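**Student:** Sequence:
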Amino acid sequence: DRHEYTKLATVFDINGCTRIDDIPRMTTETIKELAVEAGVMVTVGLIYRVHEYATEDVAQVKRDGRLM
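Quick note on my numbering: the sequence shown kicks off at 8 and runs consecutively.
Incorrect hints may have been included.
In silico SDA-like pairs for lysine to any residue, Cα to Cα no more than 20 Å straight-line [stated by the list, open to error]: (1) K14 to V47; (2) K39 to V68; (3) K39 to Q67; (4) K39 to Y55; (5) K14 to R56.
Source of the hints: derived by calculation from the structure; they are not laboratory data.
The model shown is predicted, which means the values in this text are computed figures rather than measured ones.
Sequences are here, hints too, so could you generate the full structure?
**Tutor:** Encoded structure:
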């Protein structure tokens with residue numbers, strides 16, 4: 008889909024976010040600030056999608072014990 012999700016992997020790695028449940032604990036604004044600090048250019052839309060997907064995945068694991 009030509010979204011560059013891997014750009015955020017760098018941001019999360021630099022900041023010690025090693026588990027998917029680290030992402031929903033942050034705000035989208037915090038993720039954007041961390042990206043700017045790391046010199047990683049990402050769109051707000053990408054940040055919102057990644058945050059939403061992570062939130063949904065964490066909820067599913069809590070509910071079902073795993074991702075389907």
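**Student:** With reference to the structure, classify each hint as holding or not holding.
**Tutor:** Each hint, compared with the structure:
no., hint, in the structure
1, K14 to V47, "7 Å, holds"
2, K39 to V68, "26 Å, violated"
3, K39 to Q67, "25 Å, violated"
4, K39 to Y55, "10 Å, holds"
5, K14 to R56, "13 Å, holds"
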